[in-house]
Amino acid sequence: MIDKIAFLFSEGLKNFLRNKLTNFLCIVTILINFTILGTFFVVGFNTDSLVDFFRSKYTFEIFLNDDVSLEQSAVIIKKIESNSVISSTILIDKEKSADIFLEEFGEDVVDMLGYNPLPMSLKVSLEKDNFDLNKVELLINDIENYDFVDSVEYRGIYIDSIEDKINLFIFFFLISVIGIVFISIQMISNTVKLSMSNRSDFIEILQYNGASDTFIKIPFFIESILQSIIGSFIAFLLVNYSFIVINSYFNLNVQIDNFLWAWMIGLCLITGLYASNKAMKKILV
Amino acid sequence: MVEFKNITYNYSSKSGIYNIDLNIQDDEFCFLVGPTGSGKSTLLKLLYFDLFPDKGQVNVLGYSSKKIKKKDIYKTRKKIGVIFQDYKLLKQRTVYENIALPLHINGFGRKKISSLVSEALELTELSRYAKKFPNQLSGGEQQRVCIARAIVKNPDIILADEPTGNLDPTAGHRILRILEQINKEGTCVIMATHNYKLIAEKPYRIIELDQGRVVSE
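If you read the sequences in order, they're chains A and B.
In this text, residue positions in the first sequence follow my numbering: the first is 40, and each later residue adds one.
In this text, residue positions in the second sequence follow my numbering: the first is 5, and each later residue adds one.
These are calculated hints, taken from the structure and not from any lab test.
Hints should not be assumed to be uniformly reliable.
Claimed, not checked - With a cut-off of at most 25 Å between alpha-carbon atoms, the simulated SDA-like pairs for lysine to any residue come out as follows:
(1) K70/B / I322/A
(2) K136/B / R57/A
(3) K43/A / D160/B
(4) K232/A / N158/B
(5) K53/A / G111/B
(6) K18/B / D90/B
(7) K75/B / N316/A
(8) K82/B / N104/A
(9) K162/A / N104/A
With the rest of the complex left out, here is chain A (with noise of 0.2 Å):
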């Protein structure tokens, strides 16, 4: 048994070497289209961040009844603040609320009523890591019972608009994800049969000589292994590399994923193996 391993893998490897311009068109398709699938990763990886960074940005305001003391706002703040989603909160008191009026309309409100009718607030960052959208609804849904609140004003539309910009933007990249490997499918399985029609003379001779269809495939599955694992492996370094270049040129921080050549790898391995049996059951029995 061993014996017939070892030749058979032998048999692999002299394929591979003996068929170099069909082994190194089937290299370049799969280098061009994880190349691609690569970047794509690098790319869907970085959109969560990206995401979970904008999502932080996001605040809300509770506004307090008028009836609030300096001292009740302090007790409000540290209920708020022992929730896991919220990061900080910074109280507003009027006299504050009276200069943001100044700022954004030009006018002092004391001055052209008398009084100050703006209310005390706090403003609440939320939490950057563990950002949870449902988490916050639920937040804001307890505090806008409470007694001393008046009202709390959520900007919770617009991270919604966000969330279904992502959805589509996760659609799309599944979109092609699913595209390039089929494509990688049906290039790598073109490449195979043309590979097969070439060895059509040494197929042939193998089944006279009583080999099994499964004797038959293993060298091409193992050709296949190799152009996969070569292929993709150069797609890997090639994406790594440019992102480090990117990175450094355009001063960003794109993170790459700690197992991005594993998913790679084990993609392309997944993919060349399903073309090649796809190739070979057009082809033997």
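With the hints as your guide, set chain B onto chain A.
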């Protein structure tokens, strides 16, 4: 061992074989003779399940053309050695590697392969060509490599389809002598040929075909 039961096979573009009934025994040496297109190769192809009859049934080594599944054909072929007129050798492999191929398929170990290939090389008088490539050999030598490849796995049947077709008379006689020797060791040999001169005076069974039918036996 080999049984043709009322076999008919039609080609779309040429004539096939019609209503053939034949039995060939375990240790027989049997010639299939007839002009080109008489159905000799078709009969051999039916034996190693390269073709399946339109009508009737072929039984070979316990396998039936009616029952065998395509994925199991290799099991029959493991027990059959086939010799082709056009040799069907792997040009990029040495004589040794060509002969060793069926043994690799059967899962033999390296030492066993080496000893069996040496035996086959000796029997076919090819020992000194072991490291040569097929295109460095003459037609007769290539045909002997093909025979060595067919016998190395010690098959139950040898099917030889016009093995002397491309050879001069001397090389042809040499091939026939080797096949006779293999048969003496107990292997059934079925050889298709249109070379009546070559088989004249041989004491073996001759089945004559013409236009797809057995005309004499």
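Against the structure, the hints come out as follows:
no., hint, verdict
1, K70/B / I322/A, "holds, 23 Å"
2, K136/B / R57/A, "holds, 18 Å"
3, K43/A / D160/B, "holds, 23 Å"
4, K232/A / N158/B, "violated, 34 Å"
5, K53/A / G111/B, "holds, 19 Å"
6, K18/B / D90/B, "holds, 21 Å"
7, K75/B / N316/A, "holds, 16 Å"
8, K82/B / N104/A, "violated, 93 Å"
9, K162/A / N104/A, "holds, 15 Å"
The earlier numbered hints that this structure contradicts are 4, 8.
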